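Chains as they are written, first to last, in our numbering: chain A, 1 to 701; chain B, 702 to 961; chain C, 962 to 1280.
Hint data in this document are derived by calculation from the structure and do not stem from the laboratory. No false leads were slipped in.
Straight-line Cα separation of at most 20 Å, SDA-like style, residue types lysine to any residue; simulated pairs:
#: 1; chain 1: C; residue 1: LYS1276; chain 2: B; residue 2: ALA948
#: 2; chain 1: C; residue 1: LYS1171; chain 2: A; residue 2: VAL650
#: 3; chain 1: B; residue 1: LYS896; chain 2: B; residue 2: ASP765
#: 4; chain 1: B; residue 1: LYS791; chain 2: B; residue 2: SER911
#: 5; chain 1: A; residue 1: LYS688; chain 2: C; residue 2: ASP1263
#: 6; chain 1: A; residue 1: LYS536; chain 2: A; residue 2: GLU561
#: 7; chain 1: B; residue 1: LYS921; chain 2: C; residue 2: ASN1070
#: 8; chain 1: A; residue 1: LYS360; chain 2: A; residue 2: LEU31
#: 9; chain 1: C; residue 1: LYS964; chain 2: C; residue 2: LEU1133
#: 10; chain 1: B; residue 1: LYS938; chain 2: C; residue 2: ILE1275
#: 11; chain 1: C; residue 1: LYS964; chain 2: C; residue 2: VAL1090
#: 12; chain 1: B; residue 1: LYS749; chain 2: A; residue 2: GLY417
#: 13; chain 1: B; residue 1: LYS959; chain 2: C; residue 2: ALA1187
#: 14; chain 1: B; residue 1: LYS921; chain 2: C; residue 2: THR1106
#: 15; chain 1: C; residue 1: LYS972; chain 2: C; residue 2: ASP1023
#: 16; chain 1: C; residue 1: LYS1086; chain 2: C; residue 2: MET962
#: 17; chain 1: B; residue 1: LYS931; chain 2: B; residue 2: ASN722
#: 18; chain 1: A; residue 1: LYS443; chain 2: B; residue 2: ARG933
#: 19; chain 1: A; residue 1: LYS428; chain 2: B; residue 2: GLY777
#: 20; chain 1: B; residue 1: LYS803; chain 2: C; residue 2: ASN1070
#: 21; chain 1: A; residue 1: LYS582; chain 2: A; residue 2: ASP617
#: 22; chain 1: C; residue 1: LYS1145; chain 2: B; residue 2: GLU868
Under 7 Å between C-beta atoms, here's a sample of chain C residues computed to sit facing chain B:
#: 23; residue: ALA1067
#: 24; residue: ALA1093
#: 25; residue: ARG1101
#: 26; residue: ALA1142
#: 27; residue: LYS1145
#: 28; residue: ILE1147
#: 29; residue: THR1218
#: 30; residue: ASP1257
#: 31; residue: GLY1259
As the structure is a prediction and not an experimental result, all values here were calculated from the model. Quick reminder that beta carbons are idealized off the backbone N, C-alpha and C, glycines included.
Each chain, written out:
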Amino acid sequence: MSPLFMSFLLIVGLGIFGRTMYYKLLLLTALEPADRLNHITDRIKNMVVIALGQKRLVGRKKEWAAGLMHSLIFWGFCILLIRSLNLYGEGFVKGFQLPLFGQEYILGYLYIALKDIMEAIVLLMVIYAFYRRLILKPARLHNTWEAYFVLGMIGVLMISDLLYDGARFNLITLHNNPTDLHFFNNPQFGPEFIWTPATVKAAALISFLGPDATGYVMGAMFWLHIITQLTFLNFLPLGKHFHVITSLPNVFLKSLGYPHEKTKLLDLEDESVWEDESLGINHIHQLNWKQGLDLYTCTECGRCKEVCPTYTTDKPLNLHDFNDTLKAELFENSANLIQRSKLAATLNPDGDEEKNQAIKAQMAELNSKKALIGEVISEDTLWACTTCRACEEVCPVTIEHVPRIMAMRQGQTLMAGVYPQELNTALKGLERNGNPWGIGYDKRADWADGLNVKLMADDSNVEYLLWVGCAGSFDDRTKKVSAALVKILQKADISFAILGTQEKCTGDFARRVGNEMMYQMMAQENIETLNNYKVKKIIAACPHCLNTLKHEYPQMGGNYEVIHHTDFINQLVTSGKITLNKSLEGSLTYHDPCYLGRYNSIYDQPRTLLQSISRDDLTELDRHGNESFCCGAGGGRMWMEETIGKRINVERSEEIVGKNVNTVAVGCPFCLTMIEDGMKELGKEDIKTQDIAELVAKNMA
Amino acid sequence: MKILTTVKKVVDVELNIHVTNGAIVEDGLQYVINAWDENAVEAAVQLKENSGAQTTLVSIGGGDNTDMIRKCYAMGIENGIHIEDPALAKADASIYANVLKKVYEKGGYDLVITGKQAQDTDSGQTGIMLAEALNLPCVSNVISIEVMDDQHIKVSRLGDTGTEVVEMALPAVVTVSDSINEPRLPAMRGIMMAKKKKIDVMDLAGLGTSADEIGCSSPKSEIAEFMESKTRKAGQKFEGDAAQITAQVVNLLATEAKVF
Amino acid sequence: MAKVLVIADIKQGVLKGSTAELLSKARAIGAQTAVVAIGSNIESLVPELAAAGSDTQYIADDASLDLFSAGPYAACVVDAAGQFGASQIWFGFSESGKAAAPRVAAQLNAACATEITDVIVDGDKVEIVRPAIANKVVQRVKVNTEQLVAVVRAGAFEAAADITGTENPVKLSIPAADLKAVIKEILSDASGEIDLADADIVISVGRGAKDQAGVDLVKDLANDLAAGFGSSRAMVDGGFMAHNKQVGQTGKIVAPTLYMAIGISGAIQHLAGMNGSKTILAVNKDPEAPIFNVADYGIVGDLFEVVPILKQEIKKIRG
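Next comes chain A alone, as it looks inside the complex (with noise of 0.2 Å):
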């Protein structure tokens, strides 16, 4: 077409961007460091499914309509990839074509027929994309100008691919190729255009022009394609649509630690992590290049804010705002992070001293000074989390909230000092009694009395270990879970022994809300008693119980294989040492704990047991399984007030109420009374809330 402007466009265009993504790729390489090049094949693998398989998109049975509006666009664009390149080609050398893709091979004629029916669909799917913005308004999307601008490139590419092809087939067949442009026209497979219907269709709108002017057409469309290319491009990492360059590194990069980013465990020893108030995230220079990229990449879909409990219940945690926040005060800082980072660069551990130190405080005048909680992030946003993780279970580009927020509970936390106050009690009475409430730890076991129970401390010859929990131990509702699983274990004769009063809380709470102080001393002696018993196998009543004594304590020389009560319960059906009757009266719906299914996976056992026992089949409520609404307790909530907005659990009690039944059953203890206590706010008491051992128990033959 034109070598010479080609040329120039492909020198501005890629050498804006270029520069663009060099600035943007450097700032990353400024913040802290992370470790994610490991286990390439899973990372493959996730990218795959999540980023080119758009599972979380089309594979979501909400919004699936969209979910696959969004996976044509995006399957398009990647075929399409081609054809771009084809077209760059084609403004060096006329008939250009990528090797394999020429008219020679069959490779050639199945992809321009690909081509030509994806850029419809694409075309169709911008058009649905501009009638869900403007006419739906689904309330998750935030309708911004730049939305509508990059759909509109998009459209643009599309219309002008279609109506440059069009002009081609118009040139050629209509006008007898007066300019000889190259064409497919392989005596095996035909010529082009019987396999391109859509072309064929926007030719036949242009076919009213002469020669001439649909040359003109031809030119102006190859053009205007190539340029809306070029900037579109470089549009991109300017603001959401960064997500379409750094999406799939972004999934490459995800976590691999179940369910995600385990926190890190703290050296607390170290003195100079609290001389450098280095410890968690305070400021944004401290977060790592990881955090960064998640920032980058959200593209502003709403999902997050759609299935959190605490934006859906008026609190001022906006996970799309405080992505957007941080990723603000991040550009903001850019400059100076990137000067630091080369500061750092010319540090010399061998050389002299003065120099390092000087250039030491260099680094440190160039730190970013705010403090995010506070200045940029209201606490309110921050101590709202209930670390549900019902965000990370919707976002499409795997973005790691959780781990962030608790990265900055932990700044907070240890290195401020500011923290909600109505934890002291809770922080107090682990401390000193090894439970949330203080209750003397001579009582942990008190609730066993008369039920025939071993202590460790008598017989530890056991196979598992029944690691009830500061609920079922203290809690005067969640003793009788734990009665009625001692109930259902001595019925299949297992061999079991609760550790007493020798039980502490293993401290999940603490780490939610920060206090890795707290947490790693409860982490420590709970590990201590456990090894010396030479305990294997553990059955935890409780999710939280479950999750910090699996997957965070072997971080601390903890390793055990640990089992719900539900999953367990399962295993006794199956293997047939406990029979269940199909005797439970009346409608029954499941409430999935968040870290039961999200941070377990551990979806189908209880409901494999609850229908065994209901007679009626299970109603499940809308929001289930792995989008299961959490009932507000979690991520430290439990041992706080909570004064702003709608009350988390009356939610919840209310869509259980909506289902009409008269059951609902629990895996956890924390669930068991926020959802009992939702149901007396709601005067609704007559609908039972019970834990699936209770119901077991009942049940059992």
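Once you've looked at the hints, dock chains B and C against the given chain A.
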């Protein structure tokens, strides 16, 4: 202003206390800072933060009080003295008061803040006896302390007929109620930094006195024995029709318990 | 023979019941009895003080003694004790008593015991019994000094029905005021309200009452019975009840003839404040509430239903 606050290590009252052969069973017990003294420490730290006072704590007996004292450092107390001596094993309030008098005289303080009672003895005497021994004004059961100037403070106390507002001339002694404040959880950073701080440990000789001078050899009272408290037994519990059971109970209150 | 000096418990010009209780106990252990009354405009109380069981009444009556001040108070007691030759000096349970007793003991170089529930005199030997460690244990304490100063736990002693005394007033000289601790004002508890410490019946409201409507319902019952109206900590923290109404370990300790716990779960801290009551009635929706472990009579039910019925039924019986 120099503030002296007292800190006693007591048994954790959340635990079950068992008595065998007239003595308390030590096995399984844990020891913690007296709750009212925690209030006293918090009050002292708040005065430091608001009025620039210097704070010192003193702890008597208890064995190894390092953890407890370090927690108080983490809360904000600047100096710590621990008086440990075998002669103090059976100390009572007046003996503690005598030891505190020696500590006070050594340091020259303006204000002594103690908890109103200790959770193990529930006596509530030591602070008041110290004031008497030093001939200082004393107000007990205080719920607020306000510095008026470097010679005067204004305190509120929960009295018998209401809240009494009292102006005190310094130096003075004040014993605090738990209603005065909510003791802070020691800051994590404070805990780490406190590890480096020294505690001034000494026996009675180091304090410049002797067991005889303090009165250890002739205690005014001695615990002869401990007994477990008689627990109240559950009585009769009635469930059913509200009108019926209430009438039943009222009847019993009149005829059986004879309260009406 | 022991000589017991009882400090009269006078609040706002009214002689409180604890005085008679302490004097009854003094008589019961065979002691000679006297009272010391400190305040302003209290001379008229002499007959009552005698009738409560004292054979001598030491009176310190002056305007300067109207408001409690530990220094002068203690000085009067020491004076009376000296004149009487008291071997035992007993204060009733009050904040003034708790503040003055240690001073008196220090000045007399005597043993001091607070919260005592019993005094055992065997010839020369004197022992007292008192609770300790949040009422979990009981101590028997040997007194080694010639004199004993004690503060008696609420409701520990019973007033004898037929007690009498002799009028024998002795005027005490008025001590100097304590210039180093001056009461500026008293923000009084709602005056006219029945004092929890001496009420025969105390009715306390807890979280089960939920809100002001519930609190008012229970208060109504208390008013009906001319009972003291108290509260669990929850309702004080919730802002429904004043501080001074809290019955519990860190609030007021009461030991009335009848204690009604309405909508109170029975946390240990609350129990510590009332389990010395003679008879305990509990009303609670939850049959498992710990309060039922100490209640003599427990009604499992909704207080909104039960309280009106209680009102009715009690009215029927009392007339």
